[in-house]
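Enquirer: Residue numbers (this note's numbering), protein chains in the order written: chain A, 1 to 280; chain B, 1 to 184.
Worth flagging that the hints you see were computed from the coordinates, not collected in a lab.
We put the CB at the ideal spot given by N, CA and C, even for glycine.
Accuracy of the hints is not assured; some may be wrong.
As the list claims (entries may be wrong) - When the alpha-carbon atoms are kept at most 30 Å apart in a straight line, the in silico DSSO-like pairs for lysine-lysine are as follows: (1) B:Lys37 x B:Lys113; (2) A:Lys108 x B:Lys37; (3) A:Lys108 x B:Lys156; (4) B:Lys2 x A:Lys37; (5) B:Lys2 x B:Lys113.
Claimed, not checked - With the Cβ distance kept under 8 Å, some of the chain B side facing chain A (calculated, not the full set): (6) Ala34; (7) Ala44; (8) Pro48; (9) Pro50; (10) Gly76; (11) Glu103; (12) Ala107; (13) Ala121; (14) Gly124; (15) Ala177; (16) Arg182.
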Amino acid sequence: MREIAWNTIRDTVASLAVRANTVLDAKVEEAIRQARKTEESPVGLSILDQLLENGRIARETATPICQDTGLAVVFVTIGQEVHVTGGSLEAAIHAGVAKGYTEGYLRKSVVRDPLDRVNTGDNTPAIIHYRIVPGEELTLTVAPKGIGSENMSRIFMLKPSQGLAGIRQAVLDTVEAAGSNACPPLVIGVGVGGNFEKCAELAKEALLRPIGQHAQDPSWAKIEEDLLKAVNDLGIGPQGFGGRTTALWLAIETYPTHIGGMPVAVNINCHVARHESATL
Amino acid sequence: MKQITAPFTQSIVESLTAGDTVLITGTIYTARDAAHKRLCEAIAEGRPLPFDLRDAVIYYVGPTPPQPGQVIGAAGPTTSGRMDAYAPTLMEHGLRGMIGKGERTQAVVDSMKKHTAVYLAATGGAGALLSHCILESETIAYEDLGTEAIRRLTVKDFPATVVIDCQGNNLYETAPAAYSRRKV
Numbered sequence: 001m002r003e004i005a006w007n008t009i010r011d012t013v014a015s016l017a018v019r020a021n022t023v024l025d026a027k028v029e030e031a032i033r034q035a036r037k038t039e040e041s042p043v044g045l046s047i048l049d050q051l052l053e054n055g056r057i058a059r060e061t062a063t064p065i066c067q068d069t070g071l072a073v074v075f076v077t078i079g080q081e082v083h084v085t086g087g088s089l090e091a092a093i094h095a096g097v098a099k100g101y102t103e104g105y106l107r108k109s110v111v112r113d114p115l116d117r118v119n120t121g122d123n124t125p126a127i128i129h130y131r132i133v134p135g136e137e138l139t140l141t142v143a144p145k146g147i148g149s150e151n152m153s154r155i156f157m158l159k160p161s162q163g164l165a166g167i168r169q170a171v172l173d174t175v176e177a178a179g180s181n182a183c184p185p186l187v188i189g190v191g192v193g194g195n196f197e198k199c200a201e202l203a204k205e206a207l208l209r210p211i212g213q214h215a216q217d218p219s220w221a222k223i224e225e226d227l228l229k230a231v232n233d234l235g236i237g238p239q240g241f242g243g244r245t246t247a248l249w250l251a252i253e254t255y256p257t258h259i260g261g262m263p264v265a266v267n268i269n270c271h272v273a274r275h276e277s278a279t280l
Numbered sequence: 001m002k003q004i005t006a007p008f009t010q011s012i013v014e015s016l017t018a019g020d021t022v023l024i025t026g027t028i029y030t031a032r033d034a035a036h037k038r039l040c041e042a043i044a045e046g047r048p049l050p051f052d053l054r055d056a057v058i059y060y061v062g063p064t065p066p067q068p069g070q071v072i073g074a075a076g077p078t079t080s081g082r083m084d085a086y087a088p089t090l091m092e093h094g095l096r097g098m099i100g101k102g103e104r105t106q107a108v109v110d111s112m113k114k115h116t117a118v119y120l121a122a123t124g125g126a127g128a129l130l131s132h133c134i135l136e137s138e139t140i141a142y143e144d145l146g147t148e149a150i151r152r153l154t155v156k157d158f159p160a161t162v163v164i165d166c167q168g169n170n171l172y173e174t175a176p177a178a179y180s181r182r183k184v
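Produce the complete structure using the sequences and hints provided.
Expert: Next up, the structure:
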């Protein structure tokens, strides 16, 4: 049994939230530099340059990369030998989000009720996903997610007969419908399999995978590559102004599913693709 | 790149064509979801508005809080489509320009043509960069809404692209086609 103090978890979540929102991921930056080499649209190129410059300003001035500092999505992987002292794990995470968003000058974008829409004032509650594993480590991943891209995400309950062509159609239809709304160039997370909620979670987890790292299964890695190319062939381009760079990356996570179904979720993210992790 | 001043006169709007890149200098107002709802409620009930809509430019943005010494935090555009339900009412009352990102409905485009208004996009995801073009920010209404309050902004050389002009030409419809390689 290992003890981890409540306030250590709170402070870790707070600093991860601030870092995720103010430091553009180095792999995203590299992907934008790579995209510059193939982008044919002059306007598209100028947008990619603006995003690089924006990342530099954000990092140097600790200003958020984007004003939508998002809902705080937190992935928790907790060893079953860990005991949290001084309070509950869940309360520590919410307190960390409140602290990070308040002290880090991040935007508070959460309303307490979908209809009365009163702001909670500290960006809580977080959306938390737990996984319990063997061992005595606690890994926290904070993945703030803006709503502009979240609003353009979709779930499809496909039939098994639709196969790979169905998955491809689902992804392309979603990206095309997202158009300029989700601030392309995008990072796209796809979940295939499981059930209604599992495929959505898979799609979200796909967004956590480092850009440039394909699925381990070579056949899914090939599908990722082909789908990214198909997405970029749509011509939507940076900000929807036309061009070669509609998405920087596309990752697929899969899970076993039912004999009668093939759920597909497409979680659209903007270029910022924020996620920061720490292991305690 | 054209230099234009805000508020927008009718002749400024008429001089803009979809695809133009512009630098905006002058006074614009922030408003997003909740502020639009309140503005339209005020109009419906005949109450005075917190600012003069005539020739006004609204920027769809909910900024992050400023750090000490900053005018405003990150301040990039939010998705304009959520304001589509309200925009025609505001144009009927003089709104001349909208800055945001993303598609608009046909009803909004029709209203833009009728009232000679323009829709521009700023770069979504470039909130830190765009905040540097904002020289002054003053909350003038609905302070209880926090980030959604209405602010009067003084901007200098604020970069934007004309997406839909007052003739109804739409860059989002024409530009991607030139780069599409989609196999049907």
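Enquirer: Each hint: holds or not?
Expert: Status of each hint after checking the structure:
Restraint check for B:Lys37 and B:Lys113: the C-alpha separation of about 23 Å stays at or below 30 Å, so the hint holds. Of the pairs offered as hints, the one joining A:Lys108 and B:Lys37 holds, with about 19 Å between alpha carbons and a cut-off of 30 Å not exceeded. For the given pair, A:Lys108 sits about 27 Å from B:Lys156 by alpha-carbon distance, which is consistent with the 30 Å threshold. Simply put, B:Lys2 and A:Lys37 have alpha-carbon atoms about 28 Å apart, close enough for the 30 Å limit, and the pair holds.
Our distance criterion of 30 Å between C-alpha atoms is met by B:Lys2 and B:Lys113, whose separation comes to about 22 Å. Proximity of B:Ala34 to chain A holds as hinted, the smallest CB-CB distance being about 7 Å (cut-off 8 Å). A distance limit of 8 Å between C-beta atoms decides the matter here; for B:Ala44 the minimum to chain A is near 19 Å, and the interface restraint is violated. Taking 8 Å as the C-beta contact cut-off toward chain A, the hint placing B:Pro48 at the interface is violated, the least distance being around 24 Å.
Violation of the interface hint for B:Pro50 is found here, the shortest Cβ-Cβ separation to chain A being roughly 19 Å, above the 8 Å cut-off. A hinted interface residue such as B:Gly76 counts as satisfied when its beta carbon comes closer than 8 Å to some beta carbon of chain A; here the least separation is about 5 Å, so the hint holds. At its closest, the beta carbon of B:Glu103 sits 6 Å from a beta carbon of chain A; the interface hint therefore holds under the 8 Å criterion. Using the Cβ-Cβ criterion of 8 Å, the hint placing B:Ala107 at the interface with chain A is not satisfied: the shortest such distance is roughly 17 Å.
A least Cβ separation of about 7 Å between B:Ala121 and chain A falls short of the 8 Å threshold, and the interface hint therefore holds. Given hint, B:Gly124 at the interface with chain A, holds; its Cβ is 3 Å from that chain's nearest Cβ, closer than 8 Å. Taken as an interface hint, B:Ala177 checks out: its beta carbon lies about 7 Å from the nearest beta carbon of chain A, inside 8 Å. Hint status for B:Arg182 relative to chain A: holds, with the closest Cβ pair at about 6 Å, below 8 Å.
Violation of the numbered hints given earlier is confined to hints 7, 8, 9 and 12; the remaining hints are satisfied by the structure.
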